[in-house]
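All chains, full assembly: derive it from the sequences and hints.
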Amino acid sequence: MRWSGIVSACCAALTLTPPSFASAPSALPPYTPAYEPTTVDERGMWMEADERERLLRDSPLRIREGGLERYVREVLCREVGDDRCKGVRVYVMEIPAFNASMMANGCMEVWSGLLLRARSEAELAAVLGHEFGHFELRHTLMGFKAKRSATDVMAWVDVLGGITNRDMSSANVSLVGSLYRFNRAQETEADLLGFKYMAASGYPAKAASEVWQQRMAEDDATALGRGLKPRRNYTSGFFDTHPTDLKRAEYLAKAAAALPADGDARVEQYRAAIAPYLSRMLAAQIKMNDFGGTDFILNSLASSGGWSGELLFARAELYRTRGNPRDLQMASLWYRDAKAAGYVAPELDRNLGLALLRNGQTEDARKSLGAYLVARPEAPDAKMIQALLAK
Amino acid sequence: MKGGLIVRAAVFAALVALSMPGIAQERTGSKTGFTLQPGTARIVLMRPTIRVGAQSTGGMPEPNADWTRQARENLTRALRAAQERLGNQVIEYDEGASGEGQIATEYGQLFGAVADSVIEYQFFVGNRLPTKKRKDSFEWTLGRGIGELRSLTGADYALFININDEYGSTGRKVLQLVALMGGVAVTSGVHVGHAGLVDLKTGELVWLNADAAMGGDVRTAEGAEKRVAQLLEGFPGRPSEKTIGGQ
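Keeping their order, the protein sequence lines are chains A and B. Position one of the first sequence corresponds to residue 3 (the numbering used here), numbered consecutively onward. Position one of the second sequence corresponds to residue 5 (the numbering used here), numbered consecutively onward.
It is possible that some hints are incorrect.
Said to hold, decoys possible - Taking beta-carbon pairs under 7 Å as the criterion, some of the chain A residues facing chain B (in silico):
1) E50
2) R168
3) M283
4) S305
5) G307
What the hints assert, rightly or not - Here are some chain B residues the structure puts well away from chain A; computed CB gaps all over 12 Å:
6) R46
7) S60
8) E66
9) A69
To be verified - Residues of chain A clear of chain B, computed beta-carbon distances all greater than 12 Å:
10) G68
11) K88
12) K147
13) G163
14) A286
15) G325
16) Q331
17) K369
The hints are simulated quantities; they were obtained by calculation from the structure and are not laboratory data. Ideal Cβ positions, reconstructed from N, Cα and C, are used throughout, including at glycine.
Structure below.
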């Protein structure tokens, strides 16, 4: 058939020449103060980002109090330099997962889970610098264009395939693959630009690779906690948007090895800045139903600053939540240790009481629950606790 | 650290967009027996969610900042004109010195969620919840709290509008044409909008209009008038007057 001959020629041409992802944006870098995007696509990206930023600004999840956002912004400025960070807005959201992102218009979103996991300003700075790299390199725009080119070709492949009744899945698969490869290449690019900031910032350059080593260790702990075999991916899969953590740790460590190993990671300053939020971040993490990962985070926090009352309480909570008799036994111990270490919230007495009650230590349990009711007679769960005591 | 899921979803959405059939359902509903306050109703137009762009050959939305701005201006103007013909006053929401911008945004989101529920569980007849099956029942609310906002003092109603337009690009239209010749159906363009009126005394949603295939090119003044007329279809008028939808 003539049709199919033409179509297969077209398809062959389309798949042999992958969509061109490169294009030249305006000469000014996007962090230029009062930068105005010029092309239709870039203006569109900025408009979408502006709309999304309004929602972020007004979001109930945002941690507005106590200048946490200001602090995170200062870390970013130290990392990328004052010239670059001038126009950046930082929003810290209370979401207990490891993530940060930066939109096309220079609005940065940081999740509390990242702040809980970072062990120093340098580690936080490494992630922020990477995200800033995406912004500086206009990756939202480039990614959008790449996606558009690839899906354009896919649409033609589909339609022509449909008309000629030919199976086009292999052409489509190779297009999808090219898109994910493009995404991984962007991540590596941002990693390397971020690393350049790191090297110039006064933070130790090795922190960038340590972030990913820590991530891998936590993933392993999560897997073990779920009774699974820890799995390490040595190469990226077909659908992976990011290089593997291992790859990233490797090339960043290699880059760091070439630099002098000095710099101040500002561990103490970081710990002091996060301290007022630690309790709520830990409480949110415990609700993630990730026993292994959470225990790993707690141990990591304790390894640098010792087992504070706060950390002991969190660990007791974690074990009480899992709730095996042995867990309740350990939880009761740690609640008491936390109290001895100066953790004063009356909720400790309530939770200690509940742990004891479930393990059959009724007398001690009644004492603790009673102490909670004395301290918090108006608590919303006071009636429930009274009912437990009345038995 | 961008979401891999989003990329994946975009790719598959583009594929699915090639073959999605239209779904027939009701488009408008209002609280039984509801009529506007006698006299001039003061209606606050909450900041509309407007997104206007093109649709790429592969079906991806391509946001266009200029079209969106034009649409925002045109729609607001057309809306005000349409309501003034009814004798109502339309004021754009302004948080002023109230500091209520955040909560107003939350109500905007809440309206979106409620409107989606109405569309899913009432307008879509086959999917009606047992409590929504009674004839002539339209009971949805954002809660009384919205009436207590100081920035809404003196207003009778809040009007929420969401619009999403993607105009088929030349590439998409050529694709559609070629596909049609070969007997493959490809849709071009997305024109979705909904508008809802909330009684500020009770917080109840008294009227909602939702349409998945709207007309009127919102990038032009005339088109925006047509769109507003469609958006306000079934808008509760005063008993003696006709609704704007008939125009």
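Whether K88(A) stays farther than 12 Å from all C-beta atoms of chain B, as the label says:
holds (23 Å)
At 12 Å, judged by beta carbons, does Q331(A) keep clear of chain B as stated?
The assertion about Q331(A) holds, with a minimum of 39 Å to chain B.
Using Cβ atoms and 12 Å as the threshold, tell me whether G163(A) really stays out of contact range of chain B.
At about 9 Å from chain B, G163(A) fails to clear the 12 Å cut-off, so the statement is violated.
Does the no-contact call for G325(A) survive, Cβ to all of chain B over 12 Å?
holds (32 Å)
K369(A) non-interfacial with respect to chain B [C-beta, more than 12 Å]
holds (42 Å)
Holds or violated: is the Cβ of R46(B) farther than 12 Å from all Cβ atoms of chain A?
Label holds. Min Cβ-Cβ 24 Å, cutoff 12 Å.
Double-check G307(A) for me: the hint is only fine if its C-beta lies closer than 7 Å to a C-beta in chain B.
Violated, because the Cβ-Cβ distance from G307(A) to chain B comes to roughly 27 Å (cut-off 7 Å).
Let's test the interface hint: is any C-beta of chain B closer than 7 Å to that of E50(A)?
holds (5 Å)
The output says S60(B) does not contact chain A. Does that hold with a beta carbon cutoff of 12 Å?
Since the minimum Cβ distance to chain A is about 5 Å, S60(B) lies within 12 Å and the statement is violated.
Interface hint for S305(A), Cβ within 7 Å of any Cβ on chain B
The hint is violated - S305(A) has no Cβ within 7 Å of chain B, the shortest such distance being about 26 Å.
Taking the closest pair, is the beta carbon of A69(B) still more than 12 Å from chain A?
violated (4 Å)
Is the interface hint for M283(A) satisfied, with its Cβ closer than 7 Å to some Cβ of chain B?
Violated: closest Cβ of chain B sits about 19 Å from M283(A), beyond 7 Å.
Hint check: violations occur at hints 2, 3, 4, 5, 7, 8, 9, 12 and 13; the rest are consistent with the structure.
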